[in-house]
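Q: Just need the whole structure built from these sequences, with the hints factored in.
Protein chains in written order, with this note's numbering: chain U, 1 to 255; chain E, 1 to 393.
In case anyone wonders, no lab produced these hints; they're calculated from the structure.
Straight-line alpha carbon distances no greater than 27 Å define the calculated DSS-like cross-link-like pairs of lysine-lysine that follow:
# : chain 1 : residue 1 : chain 2 : residue 2
1 : U       : K235      : E       : K166
2 : E       : K166      : U       : K65
3 : U       : K161      : E       : K8
4 : U       : K181      : E       : K106
5 : E       : K363      : E       : K321
6 : U       : K6        : U       : K214
7 : E       : K157      : E       : K102
Computed from a predicted model, the values in this text were never measured in an experiment.
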Amino acid sequence: MNRIKKLFQEKKNILSIYYTAGYPNLGDTIQIAEALQKSGADILEIGFPYSDPVADGPVIQASSKQSLDQGMTLKVLFEQLKDLRKNVTIPVLLMGYVNPVLQFGVENFCKACAEVGVDGCIVPDLPMAEYEEFYQECFEKHNLSNVFLITPQTAEERIHKIDGLTNSFIYLLSSSATTGKNLEVGDTTEAYFGRIKAMNLKNPTMIGFGISDKQTFDKACSYANGAIIGTAFVKAIAEGNLEESVSNFMRKFRD
Amino acid sequence: MKYKVNEKGYYGDFGGAYIPEMLYPNVEELRQNYLKIIADPEFQKEFHQLLKDYVGRPSPLYLAKRYSEKYGANIFLKREDLNHTGAHKINNTIGQILLAEKLGKKRIIAETGAGQHGVATATVCALRNLECVIYMGEVDIERQAPNVARMKMLGAKVVPASSGSKTLKDATNEAMRDWINNPVDTHYIIGSVVGPHPYPDMVAIFQSIISEETKKQLLEQTGSDQPDYVLACVGGGSNAMGMFYHFMDDENVKLIAVEAAGKGVSSGFSAATTYLGKEGVLHGSRSILMQTEDGQVVEPHSVSAGLDYPGIGPQHAHLFKTGRGQYVSITDDESLEAGLLCTKLEGIIPAIESAHALAYLEKMEFKGGENVVVCLSGRGDKDLDTYIKYFNL
Numbered sequence: 001m002n003r004i005k006k007l008f009q010e011k012k013n014i015l016s017i018y019y020t021a022g023y024p025n026l027g028d029t030i031q032i033a034e035a036l037q038k039s040g041a042d043i044l045e046i047g048f049p050y051s052d053p054v055a056d057g058p059v060i061q062a063s064s065k066q067s068l069d070q071g072m073t074l075k076v077l078f079e080q081l082k083d084l085r086k087n088v089t090i091p092v093l094l095m096g097y098v099n100p101v102l103q104f105g106v107e108n109f110c111k112a113c114a115e116v117g118v119d120g121c122i123v124p125d126l127p128m129a130e131y132e133e134f135y136q137e138c139f140e141k142h143n144l145s146n147v148f149l150i151t152p153q154t155a156e157e158r159i160h161k162i163d164g165l166t167n168s169f170i171y172l173l174s175s176s177a178t179t180g181k182n183l184e185v186g187d188t189t190e191a192y193f194g195r196i197k198a199m200n201l202k203n204p205t206m207i208g209f210g211i212s213d214k215q216t217f218d219k220a221c222s223y224a225n226g227a228i229i230g231t232a233f234v235k236a237i238a239e240g241n242l243e244e245s246v247s248n249f250m251r252k253f254r255d
Numbered sequence: 001m002k003y004k005v006n007e008k009g010y011y012g013d014f015g016g017a018y019i020p021e022m023l024y025p026n027v028e029e030l031r032q033n034y035l036k037i038i039a040d041p042e043f044q045k046e047f048h049q050l051l052k053d054y055v056g057r058p059s060p061l062y063l064a065k066r067y068s069e070k071y072g073a074n075i076f077l078k079r080e081d082l083n084h085t086g087a088h089k090i091n092n093t094i095g096q097i098l099l100a101e102k103l104g105k106k107r108i109i110a111e112t113g114a115g116q117h118g119v120a121t122a123t124v125c126a127l128r129n130l131e132c133v134i135y136m137g138e139v140d141i142e143r144q145a146p147n148v149a150r151m152k153m154l155g156a157k158v159v160p161a162s163s164g165s166k167t168l169k170d171a172t173n174e175a176m177r178d179w180i181n182n183p184v185d186t187h188y189i190i191g192s193v194v195g196p197h198p199y200p201d202m203v204a205i206f207q208s209i210i211s212e213e214t215k216k217q218l219l220e221q222t223g224s225d226q227p228d229y230v231l232a233c234v235g236g237g238s239n240a241m242g243m244f245y246h247f248m249d250d251e252n253v254k255l256i257a258v259e260a261a262g263k264g265v266s267s268g269f270s271a272a273t274t275y276l277g278k279e280g281v282l283h284g285s286r287s288i289l290m291q292t293e294d295g296q297v298v299e300p301h302s303v304s305a306g307l308d309y310p311g312i313g314p315q316h317a318h319l320f321k322t323g324r325g326q327y328v329s330i331t332d333d334e335s336l337e338a339g340l341l342c343t344k345l346e347g348i349i350p351a352i353e354s355a356h357a358l359a360y361l362e363k364m365e366f367k368g369g370e371n372v373v374v375c376l377s378g379r380g381d382k383d384l385d386t387y388i389k390y391f392n393l
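A: Pasting the structure below:
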């Protein structure tokens with residue numbers, strides 16, 4: 001059974017952490033992964049940077065730019081990830097935009113993911129129709145899960161279709177927004193989370209975008225199987241000792 | 001129909017809608033409605049009325065006598081420079097603002113490079129009393145101050161894009177981010193034939209008035225609606241697509257698209273996308289774009305802000321790949337010289353963008369008597385500073 005499925009069967013209140021590969025320093029990718037596992041993260045989402053990240057707010061844009069400036073490429077990342085499974089046993093997803101994947105070659109990309117032990121991908125600008133037509137076969141051949149996003153505006157019929165194409169979890173955006181906005185759970189957000197819960201989807205859901213502290217995390221967990229934190233974590237590791245920054249950040253959620 | 005978009009939103013290998021889920025409802029709403037709205041007689045009536053009374057269409061097709069003598073062919077200039085706001089951009093913004101109204105949108109956003117599309121958008125927003133926010137790169141805000149002032153006078157809010165290279169590409173990213181954050185009441189007026197489907201097709205349809213008129217005017221003036229050559233400059237490619245549109249299926253009409261070579265195609269300071277680019281995805285569609293081996297978008301360069309874009313529209317990529325269009329390039333220097341030549345020969349100061357198309361005449365060989373149409377996409381008022389500096393005027 002794949003690592004993601006196993007995790008969701010065994011655990012509640014799952015905490016997934018996003019960070020940008022090659023940030024703050026090019027060689028930090030594996031160290032951060034190990035530190036996050038040690039301090040209680042359940043899933044890692046490792047971002048491969050892109051020059052034009054339209055779904056991201058200023059913090060992740062800046063970390064992407066810094067990483068690229070320091071020489072990060074998919075080739076470099078896969079080289080770094082050869083050491084991933086030496087110590088990291090939790091599920092790992094790669095997250096990034098479609099153009100670098102295209103240039104790397106879809107087949108090469110999937111193969112490289114499988115070789116280093118990556119469990120799945122989140123590619124926000126890869127739409128469902130294109131995934132089905134050009135990517136799905138290759139992803140499945142290499143046992144990669146593709147995680148789709150849904151927003152408060154996603155129609156019910158489309159959500160069911162996404163559920164059908166998913167074999168890991170569905171990424172529930174708290175609102176239609178770029179990354180780094182604060183989660184304000186008002187009546188409409190509650191109604192939306194409630195609506196999704198009532199749909200009884202076959203896949204678990206994770207709430208992302210705007211989760212930054214214990215309070216928003218707990219709130220998200222009351223509606224879904226867990227939550228995803230990105231911007232707040234990227235901010236927290238910008239400076240100082242990496243191990244300390246990671247464990248200080250994680251302590252807020254795991255004590 | 002060989003070169004038009006298919007039901008999946010593709011032109012051959014190019015096009016599609018590579019957008020995050022947050023944009024899906026907006027783009028899908030547009031996709032489901034744009035053809036229906038545009039075909040509605042009431043919409044057509046209002047669109048054409050505004051083009052006539054407000055924009056000043058039809059724009060003349062002018063037989064440039066002295067150009068013709070110089071090159072030994074009949075050189076016709078399609079005078080988009082005479083449109084209200086000074087360029088072809090207004091054809092599209094008029095169409096899209098009417099469409100946005102039909103969709104019940106209350107707020108308009110747009111990206112702009114040189115400011116021409118920003119001005120054209122702010123203009124129609126003033127005309128229809130809609131809130132208007134324009135994203136413009138910090139660098140462009142500095143080098144295009146008069147257009148920034150125009151947009152402000154027209155009531156638009158100009159928001160600086162301070163990420164990346166701080167130019168058109170980044171302004172487009174910021175406009176897309178705005179749209180993600182305002183998913184219900186906002187319409188994004190993209191200014192070129194780029195972006196996710198249906199934008200490239202929709203913008204091409206609104207700009208196709210250029211070739212529709214040209215055909216009629218040619219028939220009147222030459223007795224045939226088929227010229228030998230049609231030339232236009234290409235950044236994203238909206239004036240070129242408007243100029244090519246009704247000639248695409250006339251295979252005997254040669255289509256020439258002129259890209260900006262900047263300081264030379266191999267100089268590292270260029271925007272010659274078909275020469276330097278590879279297939280990939282940018283701003284929501286699969287096309288040809290300038291990029292690194294790793295798929296990171298490369299910063300383009302052109303003296304002309306309107307051509308300073310690292311990609312081309314997907315339909316252009318298709319015309320290029322199938323060989324239907326010939327894609328060539330002109331350097332900064334060649335375009336400025338051509339701009340001055342046009343001014344001296346014909347008394348018309350062209351936008352530096354359009355001067356790229358004119359400059360290619362110098363490289364063509366004519367047997368004599370061919371009919372050649374060049375799209376004079378905009379006037380050069382906005383470029384006076386550049387001309388003054390270059391020629392020490």
